[in-house]
Amino acid sequence: MRDEAGVNVVWLGSPTFPEAAHTALRDGQLRRNLKHATTTIRDKRLRAVAELDDWETLRLAGSQIKDRVMRHLDEYLLRLEASVTAAGGTVHWARDAEDAKRIVTELVRAKGADEVVKVKSMATQEIGLNEGLDDEGITATETDLAELIVQLADDRPSHILVPAIHRNRTEIRDIFLREMGKHGVPAPDDLTDEPRVLAEAARLHLREKFLRAKVAISGANFACADTGTVGVVESEGNGRMCVTLPETLITLMGIEKVLPSFADLEVFLQLLPRSSTAERMNPYTSLWTGVTPGDGPREFHLILLDNGRTATLADRQGRSALHCIRCSACLNVCPVYERTGGRSYGSVYPGPIGAVLTPQLVGVGTSKHADSLPFASTLCGACYDACPVRIDIPEMLVHLRTKVVDAHRGDRVPKPEAVAMKATKLVFASPRRLALAERLAAVGGRVAGIRGGRWLPGPARKWTAARDVPVPARESFRAWWRKAGR
Amino acid sequence: MRVALFITCYNDALFPDTGKAVTAVLERLGHSVEFPQQQTCCGQMHYNTGYRREAESLVGAFNDAFRGYDAVVTPSGSCAGHVRHHHATETAPNFYEFSEFLVDVLGVTDVGAYYPHRVTYHPTCHSLRMLRVGDKPLRLLRAVAGIDLVELPEAESCCGFGGTFAMKNSETSIAMLRDKMGNVGKTGADTLCASDNSCLMHIGGGLSRITSGVRTLHLAEILAATR
Amino acid sequence: MEPVAEYKAEVLARIRAALRDVPDEERPEDVAVTREYVDSHVTGDVVDLFVERVEDYRATVTRVAQADVPAEIARILSARGVENLVVPPGFPEEWLKAYQGLRLSDEPPLTAAELDDSDGVITLAARGIALTGTIVLDAGPGQGRRALSLVPDLHLCLVRASQVVADVPIAIRALDPTRPTTLISGPSATSDIELDRVEGVHGPRTLDVLVVVDS
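Chains as they are written, first to last, in my numbering: chain R, 1 to 486; chain Y, 1001 to 1227; chain D, 2001 to 2215.
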């Protein structure tokens, strides 16, 4: 991944979604790994959610709290800054990835450190922080098990919550055996592929790094404006290690992660664990407010990152995508994700929400890759049902499709699809024209000999690759009705 | 009650038998149905593909065509969902998917049908998650005489059609289709039923290609069948 | 490094430009939040449920009468082979009277390496949450700073039955946001391999809980 310096949400040079899916769909191992993992978590999530009979009212409250935050984001961020500062922390603002990387680098350098430990964080991935630090001679070690797997394999993450979901246990064992020794404590020679044993190897490999680290970098699941309390929700304890042991803690969070008040945690600590890992509660949640003498880091820096979020905020119809709490429930239920995996999305944000966030953050009309993402959905709606903060992802996708189409309306040579859409609109604009078109289609279908409809040329080939086409009826319903004199 | 039929553009041209079946069932239940000749297309395909301007240009005439009816019945969960959610018109709330109309408006589940086959039902995504028709189609099918209704494994998974998705992302669409066909095969059914011919066109096209021997049939056509 | 005022000004300006559609007179509180969710999903006995739910995470839970606490502590620590126990400031002395092993005091603070070399830690708790089987630590007396309950591989935690509340909202409302707080639900775990949960990664791999029934 070193050649991907300059990562800003998307992996540079990513192909369009259909091109990437073409490769992924042929990977039988990947398909089996994904099917197994998504099926397991789906059933678990349904059970976890079914335990709370007020789930829908919790979702509604979650979405309304986020709506309140977005409409008054400036005010809440200023309140957060004041609270964190009063509690002994320092708040930085970053306009983009470059600002954020510069701030982190300078903070790490000021501590005289050349290595940092990291808690899994989408925001740091989004800005390519590890690569940026590496360029400055600072080694960042991912401490989340899945992130460690991805980092050791020099791989790309494929899931928001479980970045190594595309790997099975045997692949992970091989990666550990091959790579761990190059970066510190090696994996034991007799390493098996049992998850418990693999977790033990990660524990041994990382422990010395935790105990030695002077600086840690984390993301944040939420930050409460009224108290300045920042929260990290995790499972393994690597988050606790990072936010507790080093002398300096640097937390990078997207500006949309702020919550109005500490009391709002009562909603999100019910919604998030059940939606993400499908547990009643995740093993560890750390909440800290500034610095506490004698307990944990002596220095705390909170960086508030924009990096395209304000542009999304300006889009009234697209704004609610910022409600996302990165639970990844939408990935786990998505039939497209289940087949193609996360890396096909070419972005640190894969899956349905990634198909929304990625074009929003990098801008519609900037690349074929980003513009292809909103179309990577059947609009089946499973994501909307699963979203704990009720983001209407299908509607967002359609909204972004519209923006993509509108961005190309001025093209000198319109795409065949655009021509077809305009033509069909003209046909549908008049019942007479439609009736005529139907008669022509009925005749044309027969003349072309597609009775049985096996193989068609041109763009229709994509349909007939695996599907026969229906033959237009000899007589349309409309014609039948009229003839029957009804 | 004045009831109109919205046939939908693709049913009009490709699956007229479904429209005839809807008419037959409703008439058997003692209701007359009108077919407003000015109707064309609800614009869903345009809307969902990003051609919102084109879609919106169709809404006015569409609304005019269905003005004055107490209810509009359509044999498509997807189009009913589109009209109800995206046409901000006076007629939009009157649109019902066929099974909703039978169960909710007419209050019937037994329509006097006879269909002596092993049938499995695919609850199409928009019926399921946009309209929330729930088990209404299944209640109607369970009341059919002679039917052997078997549950479809992973029924609520999308079949991979998704309108223009089937073309734009055809390989992913086909991967989803294969899984759906595999599940249909597991049931041993000779008929796959759904409330939307668009999804059935996709699944049926695949089933026909692999010469599975499974036929696809719209719910209305099963409910129209009699002894 | 000092925060850059210019970055802040620009981000705020962008936000305000993005929110032009929000009326100037609208206050945050004007945006409705309907809190119709329940404070508690628990109907039965909270302590029974707490025990059941903590056990669900594959932690060991024992109910013990106040008078039997010292013996029970000694029994568990001995069974676990703990001979080198971290004891936070403020932990009740009388509860350790039956424990025969070595004690590590955190005054002056133990180094991370010393914590790592210990066999385990014993702490009190601030609260328990029944529905989710969660233990809340807030670094109060007998709990110690956060590192104490994190680095050792075994955590023996004492929760008084009277500290157990029914559900998450009730617990959150009782927290003091100024205190460093950790919510613990079972031993350290991961689902990172095939989304299958296994216990034991970086935090204590063994979590033993004693629920002290006030007599």
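Misleading hints may appear alongside valid ones.
As the list claims (entries may be wrong) - Restraint-style ranges between C-beta atoms, simulated for each label pair: (1) D406/R / P2028/D: 41 to 51 Å; (2) T2060/D / E1154/Y: 31 to 41 Å; (3) T2111/D / G1182/Y: 52 to 62 Å.
What the hints contain is simulated information worked out from the structure, not anything from laboratory work.
Even glycine gets a Cβ: it sits at the ideal position worked out from N, Cα and C.
Hints and how they fare:
no., hint, verdict
1, D406/R / P2028/D: 41 to 51 Å, "violated, 33 Å"
2, T2060/D / E1154/Y: 31 to 41 Å, "holds, 38 Å"
3, T2111/D / G1182/Y: 52 to 62 Å, "holds, 59 Å"
In summary, the one numbered hint that this structure violates is 1.
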